[in-house]
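Note that the protein sequences, when read in sequence, are chains B and W. Each residue of the first sequence is one higher than the one before, counting from 1 in UniProt numbering. Each residue of the second sequence is one higher than the one before, counting from 1 in UniProt numbering.
No copy is singled out in the list; a pair is fine if it fits within one copy or between any two copies.
Calculated lysine-lysine pairs in the DSSO-like style (CA-CA distance at most 30 Å, straight line): (1) K214 to K139; (2) K92 to K63; (3) K92 to K139.
Hints listed in this document are in silico derivations from the structure and should not be mistaken for laboratory results. Note that the structure is predicted; figures quoted are calculated from it, not measured.
There are 2 protein chains.
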Amino acid sequence: MQSDNPTAAILVIGDEILSGRTREGNAHYLSQVLNSIGVDLREVRIVADDEDQIVAAIRALDKSLGGAYDMLFTSGGIGPTHDDITADAVAKAFGTGISHNDEARRILTENWESRGVEITEARLRMARIPHGARLIENKVSAAPGFHIGNTYVMAGVPNVFVAMVEAIQPELAKGRPTVSEALEVLRPESDVAGPLRAVAGEFPDLSLGSYPFKRGDSYGTNLVIRGLDGARVSAAMSALRDRLAP
Amino acid sequence: MQSDNPTAAILVIGDEILSGRTREGNAHYLSQVLNSIGVDLREVRIVADDEDQIVAAIRALDKSLGGAYDMLFTSGGIGPTHDDITADAVAKAFGTGISHNDEARRILTENWESRGVEITEARLRMARIPHGARLIENKVSAAPGFHIGNTYVMAGVPNVFVAMVEAIQPELAKGRPTVSEALEVLRPESDVAGPLRAVAGEFPDLSLGSYPFKRGDSYGTNLVIRGLDGARVSAAMSALRDRLAP
Chain B
1 MQSDNPTAAI LVIGDEILSG RTREGNAHYL SQVLNSIGVD LREVRIVADD EDQIVAAIRA
61 LDKSLGGAYD MLFTSGGIGP THDDITADAV AKAFGTGISH NDEARRILTE NWESRGVEIT
121 EARLRMARIP HGARLIENKV SAAPGFHIGN TYVMAGVPNV FVAMVEAIQP ELAKGRPTVS
181 EALEVLRPES DVAGPLRAVA GEFPDLSLGS YPFKRGDSYG TNLVIRGLDG ARVSAAMSAL
241 RDRLAP
Chain W
1 MQSDNPTAAI LVIGDEILSG RTREGNAHYL SQVLNSIGVD LREVRIVADD EDQIVAAIRA
61 LDKSLGGAYD MLFTSGGIGP THDDITADAV AKAFGTGISH NDEARRILTE NWESRGVEIT
121 EARLRMARIP HGARLIENKV SAAPGFHIGN TYVMAGVPNV FVAMVEAIQP ELAKGRPTVS
181 EALEVLRPES DVAGPLRAVA GEFPDLSLGS YPFKRGDSYG TNLVIRGLDG ARVSAAMSAL
241 RDRLAP
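Starting from the given sequences, assemble the full structure and let the hints guide the process.
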């Protein structure tokens, strides 16, 4: 699909995803948000709680560090425990220092004092923020994410991740949202491949996808046409219906 | 976690995942299979139906091409339509040719003849296999996957993916399966960070993870200890319980 939309990647950090214990959901949620605001998500990576892997992925994916994409969103590894190493890895990737951030410390201590929670060194670990980063608000549990370069660093806990995405959404560069039309046909994918290829050739600005399914003993295919121009998508769908007509 | 287990990555190929239309499930399924046979899944990547992205990912992830991991498993893009470009991209990554494979053609035509399905050029596209690859059986819908270098190329349709994983499982290098014990505590993560860090220091051969949750107004944490030696995991869990006792 031809597009001048901003591009993005998501980096999910966490052993619990790779071990199969937890099914990844944050990238799926954010993929839908990005699609709705015209940002082209081009890649998702899931890596372990491993500093070298995290640093390498950030450098490969954030354009401000010579990487591939206009924006990078990370999920996971910013809590208070020893295995939460994302903030340190981000600081290393950006070649900057990391220490307790005054604003983050104020937000956290105010929250703890209001709830009668003791302030401990482990808790204050969540105020460690790379130098030069701006905080991302966390309406759910106070401990902030942060934004540095083109990278947005957010929590892995799903409702906190959602709250942080909502907090940054107004400031993100937007593009033209993708329009899509879908058609379900009760024919096997190989049966519609010819018509689909022909229409794809006539509409090189669009993306035509086919997703086979089996229902009982019947084979069927979902056909999806995506593009930035709704009129072009509709025209391509008409052309496809014509070619599929018996 | 210290381990001599074989390592692996998964490469998921498909615009429909990145657009948010489809929630990824094949990598989650395979992560559990790999965990059960002692293969350490270290990375998952999701990329678009884009030849350059697929080629670059395969070269980065397959050790036989100078990449990072002992095995690479791919999902998606081997169907009959114009956007199914995985087989060509794999051939390019391995610097080999691709053409109709005699065995694949025989499997497909026998299947089609038994079902009275016409043999077309579009359908025969599924018999195109990189030179030097071995076929992977597809008990669901006949069209095979293939294995080349350290890369296993499988279909994206979930029940076909599962069938292909079952077909290759006997031949995969195995390691020592990971053993895990979990403990749910109704205390916030920052409250258990100190004990967790102490036990992690005493058991450097194990992986200790903490996963916070909120239930109503209460904060809680799931603590998970993983390792290759069940006795060590149990000892670490005992030590953690002792440290968490009031």
